[in-house]
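Chains as they are written, first to last, in numbering that gives the first Met the number 0: chain A, 0 to 255; chain B, 0 to 314.
Be aware that one or more of the hints could be misleading.
[Said to hold, decoys possible] Incomplete in silico selection of chain B near chain A, CB under 10 Å:
(1) ALA120
(2) GLY122
(3) VAL193
(4) PRO194
(5) ASP195
(6) THR196
(7) ARG198
(8) ALA200
(9) GLU202
(10) ALA203
(11) GLN210
(12) VAL215
(13) PRO218
(14) SER219
(15) ASP303
(16) ARG307
[Said to hold, decoys possible] Straight-line Cα separation of at most 27 Å, DSS-like style, residue types lysine-lysine; simulated pairs:
(17) A:LYS28 - A:LYS67
(18) B:LYS191 - A:LYS148
(19) A:LYS121 - A:LYS169
(20) A:LYS118 - B:LYS221
(21) B:LYS221 - A:LYS121
(22) B:LYS129 - A:LYS148
(23) B:LYS221 - B:LYS129
Read the hints as simulated data drawn from the structure, not as lab findings. Don't be surprised by glycine CBs; every beta carbon is placed ideally from N, CA and C.
For reference, the chains in residue letters:
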Amino acid sequence: MADPVYAIETENLNLWYGTFQALIDVNLKVRRGLITSLIGPSGCGKTTILRSINRINERLGYVRTTGKICVLDTNIYGEDIEISQVRRHVGMVFQRPNPLPLSVRENVLFGYRIHNTGKLAKQQADEIVEQALRQVLLWDHVKDRLNRKATLLSLEEQQKLCIARLLPVKPSILLMDEPCSALDPEATAAVEELIWDLRGTYTILIVTHNMAQARRASDECIFMLMGKLIEHSKTEDMFVTPSRKETADYIEGRYG
Amino acid sequence: MIMNNITSADNNRRRASADRRNMDWYLDLLVRFLVFIGGISAIIFILGIFVFITSQGIGFLLDRFDIAEFFGSPLWRPTSEEHPTYGALALIVGTASITGFAMLVSVPFSLGAAIYIAEFAQGKVRETLKVLVELLAAIPSVVWGFIGLSIMNPFIIKLFNIPVGLNILNAGIILGLMAAPIMATIAEDALKAVPDTYREAAEAMGATRWQVISRVTLPSAKNGLMAAVLLGVGRGFGETMAVLMASGHSVNLPTSPFDSVRALTATIAAELGETAQGSEHYQALFTLGIFLFIVTFIINLTADIVVRGIRKGNI
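So that you can see chain A by itself, here it is in the shape it has in the complex (with noise of 0.2 Å):
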């Protein structure tokens, strides 16, 4: 089977908090081993929708999903699927830096901990700790500091850190929300760059407020206001020439 084109897909998807209609039939469509954007306005729906990538918007009891979200042709809220295996395929990384009060070693081995029981070979787990780190640009700054906690790193490490650890479980897709929006200059660049650096092996989807960034940093965009998807195009054409007189607006600063 030829991979698919679309890494994520959904069909109609509605989402509601209690009573409040967050998500109005949304059909988007994400290319594989691109970078894609979503922008819009404050409450526009766009971290709905990343949450409910990886269902991990079902924590609130309140929420409410009808429709489809397909990742690589496989419908995350089908019957038979197992929100473990979906959180696997589908890493997240949050707002914050979000790294567990454990060591900087075990919060890369958390997720490879959880989705392989048995036992960890010292050695295999020290190779699976370089490998993620290396890949996040962050081996050289921490390696001698593998054992101390990783809240104490700084914002960048710790952000840097949390994309390192959802790599060992081999993910497709990678969730990303407003994931510099707690750093400052300097470590937003050098976080975009590492966004870029994982551009191909992963799918990225990438929400973000700062429109520069998502003009620099990535290579689709999806333009939404209040909870529809209005206008998804390469990235350079919509700042270029958007069709819809709201994205043209909105990228304007003329609301936001």
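With the hints as your guide, set chain B onto chain A.
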């Protein structure tokens, strides 16, 4: 010139307003004084109690106290006419064994309750359970003693086919059930204090409920949980009435949970009323009191230090 005038007028006004001692100013002073008194009174009382206990027991400590006898001999015979002995070993072992047994009962119960309330129960169930647990903590100890005496006693006699049901087992279970609500409340607070972002992060990686609890929540709350257990131990050491009623109250070095024992606290409670003030026996009881005071003080202090957490960079 004009500038100067303005500044000096300004200064005068400022001085006047700073100097104004109206009702609010005095009220503020009064409240500050009262709060200060309240704040230091706890320290004063504790010191006062310690000084009092020590002053009552000091005579015994200086003249008669024999450390080898006190900690090494199980013979507590303060009322013997010719040759009174003051060996507290049996009492210490009695208290320790009851407390130890109580912890075996209360740790699983209280941690289980805390985990359920903090991590699983939601909405109404949760609120109800919290209130109930706190209500349990308010049951007077004599009621627990009564349960030990009149319900557990015959039950244990029947179940294990032994002549007396007032023993370590009985007192341990009663004390464990008594300590569990307080421990559960503190442990629940400790679990609630774990930021939800940790749980979310672990769940987003695919961890199940139990994996989140065992690998993230419990380890990060471990200081608070330790403190809960230690406070339970402190409670066990200091508890008197229920232990007096349920333990059998006989001086005895126990060899099994079915042996009757006597606790330090129960000894003081039972004997102090029958001694002449200032007598050797009276002073010896106060020496037991000093010992209890020091032990519970150390336990509580440890719990406090653990709660604050010894923060080092390494885990």
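Going down the list of hints, with the structure as the test:
1. ALA120: This interface hint is violated because 12 Å lies over the 10 Å limit.
2. GLY122: holds (9 Å)
3. VAL193: It holds, given that the least Cβ distance between VAL193 of chain B and chain A is near 8 Å, below 10 Å.
4. PRO194: Because about 8 Å separates PRO194 of chain B from the closest Cβ in chain A, which is inside the 10 Å limit, the hint holds.
5. ASP195: It holds, given that the least Cβ distance between ASP195 of chain B and chain A is near 9 Å, below 10 Å.
6. THR196: Nearest chain A Cβ about 4 Å off; hint holds.
7. ARG198: holds (8 Å)
8. ALA200: holds (4 Å)
9. GLU202: Hint holds; GLU202 of chain B Cβ to chain A Cβ min 6 Å, cut 10 Å.
10. ALA203: With a closest approach of 4 Å, the ALA203 of chain B hint holds.
11. GLN210: holds (6 Å)
12. VAL215: Hint holds; VAL215 of chain B Cβ to chain A Cβ min 6 Å, cut 10 Å.
13. PRO218: Holds - the Cβ of PRO218 of chain B comes within 10 Å of chain A, reaching about 7 Å at its closest.
14. SER219: holds (5 Å)
15. ASP303: violated (21 Å)
16. ARG307: violated (16 Å)
17. A:LYS28 - A:LYS67: Since the Cα atoms of LYS28 of chain A and LYS67 of chain A sit roughly 12 Å apart, the hinted pair holds (cutoff 27 Å).
18. B:LYS191 - A:LYS148: holds (21 Å)
19. A:LYS121 - A:LYS169: holds (20 Å)
20. A:LYS118 - B:LYS221: holds (25 Å)
21. B:LYS221 - A:LYS121: Within the cut-off at roughly 26 Å; holds.
22. B:LYS129 - A:LYS148: Violated. LYS129 of chain B to LYS148 of chain A sits at ~33 Å, over the 27 Å cutoff.
23. B:LYS221 - B:LYS129: Since the Cα atoms of LYS221 of chain B and LYS129 of chain B sit roughly 21 Å apart, the hinted pair holds (cutoff 27 Å).
This entry does not satisfy hints 1, 15, 16 and 22, going by the numbered hints stated previously.
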